[in-house]
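Let the hints inform the model, and build the full structure from the sequences given.
If you want the building blocks of each chain, they are given just below.
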Amino acid sequence: MSLYQWLLFFHVTGAFFLIGGIVIAGILNLAAIVKDRPPSQVATLYGLIRFAVPLIGVGLVLTLAIGLWLVHNVGYSYGQTWIVLAIVLWVVASALGNIDGKYQRRTGELAQSLAAEGDAPSTELRARLRNPRALLISYGSGLMAFAVLGLMIWKPGV
Amino acid sequence: MLALVRPDSWNLPLFLHVLGATLTFGATTTVAVLGFAGIQGDRERTAWLRSLTFWVSFGILVPAFILMRGTALWILDKEFPGGHNEPGWVNVGFAVSEPGALLVIVMVILAWFSRSPKSRVAVAVPWLAAILLAGLAVAWFAMSAKPGA
Chain A
11 MSLYQWLLFF HVTGAFFLIG GIVIAGILNL AAIVKDRPPS QVATLYGLIR
61 FAVPLIGVGL VLTLAIGLWL VHNVGYSYGQ TWIVLAIVLW VVASALGNID
111 GKYQRRTGEL AQSLAAEGDA PSTELRARLR NPRALLISYG SGLMAFAVLG
161 LMIWKPGV
Chain B
36 MLALVRPDSW NLPLFLHVLG ATLTFGATTT VAVLGFAGIQ GDRERTAWLR
86 SLTFWVSFGI LVPAFILMRG TALWILDKEF PGGHNEPGWV NVGFAVSEPG
136 ALLVIVMVIL AWFSRSPKSR VAVAVPWLAA ILLAGLAVAW FAMSAKPGA
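So the sequence lines, in the order shown, correspond to chains A and B. Residue 11 is where the first sequence starts when you use my numbering, and the numbers rise one by one after that. Residue 36 is where the second sequence starts when you use my numbering, and the numbers rise one by one after that.
Treat each hint with caution, since some may be false.
[Stated by the list, open to error] Which stretches of chain A does chain B cover? Using the computed rule of at least three CB atoms under 8 Å from a CB of chain B, they are:
hint : stretch
1    : 13–27
2    : 37–43
3    : 52–61
4    : 100–107
Don't read these hints as lab results, they were simulated from the structure. Backbone N, C-alpha and C define an ideal beta-carbon position, used for all residues, glycine too.
Structural data, given as structure tokens:
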């Protein structure tokens, strides 16, 4: 196999890890939101989201590092529209994902402490789970990753 | 280098195929994570985790798998019309997705029966998901690197 084939494989693997991790976190987050669950169940779901975090991290590194190597290997210009757009979206999605990660961690900690204190329903937890701004950041960063996937296929400007 | 000369009309089916594949990977991993978490614990915990495992497998994994497999046929029809001269990496996709479809069906059925905390088949669901994940990894290697192309 050529270097190009190996690079493409690891780049696609990064995309699978990144989007797969986003899907896992999204499903578990949605499961916590769509139903009024006791804090112990929310804490369990948020605890399981930790399995998505390394996938997202490795995916972010592989998609960018191997992606840039592929640009060099194939001979594309780094200034092409789709490459610039993809990098900008990658940076914005990563920054929003970082903000979201911190928010989700605090929500998980709150759910854990409420579960330990009797597991009674909490308006504070419900408000945090359904905070529109937090949901916008969370799902916005995920959608940006899907937009990058679209850019990789359509390659506008080529 | 095929990606560099790909006709525009292939882009939509290819995008939907890759989207379906990544959603399938994410949903299968979620089924595995929820399934393993639902094996042990008190009755109430295992009941809701197993119920959620069923709903994720039925409501998300099945549609994602159908999207992935359906759009694979769409792009295949454009790239190799009439099924002529299909390279080996295409056959790897079939070799994974056909038994994979059966695995998904069995997984959904077992997840349905596993919703009871008394069920003994609950342990099979996350392991079947793990087997499907291994198959998906083989397929994405074949689809992306296209060895022998």
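Here's how the hints hold up against the structure:
Beta-carbon proximity to chain B at under 8 Å applies to 10 residues in the stretch 13–27 of chain A; the threshold of 3 is reached and the given coverage holds. Proximity of the stretch 37–43 of chain A to chain B, defined as three or more residues with a beta carbon under 8 Å from a beta carbon of that chain, is established by the 3 residues found. As drawn, the stretch 52–61 of chain A meets chain B at 3 residues by the rule of a beta-carbon pair under 8 Å; at three or more, the given contact holds. With 0 residues having a Cβ less than 8 Å from any Cβ of chain B, the stretch 100–107 of chain A misses the three-residue criterion, and the hint is violated.
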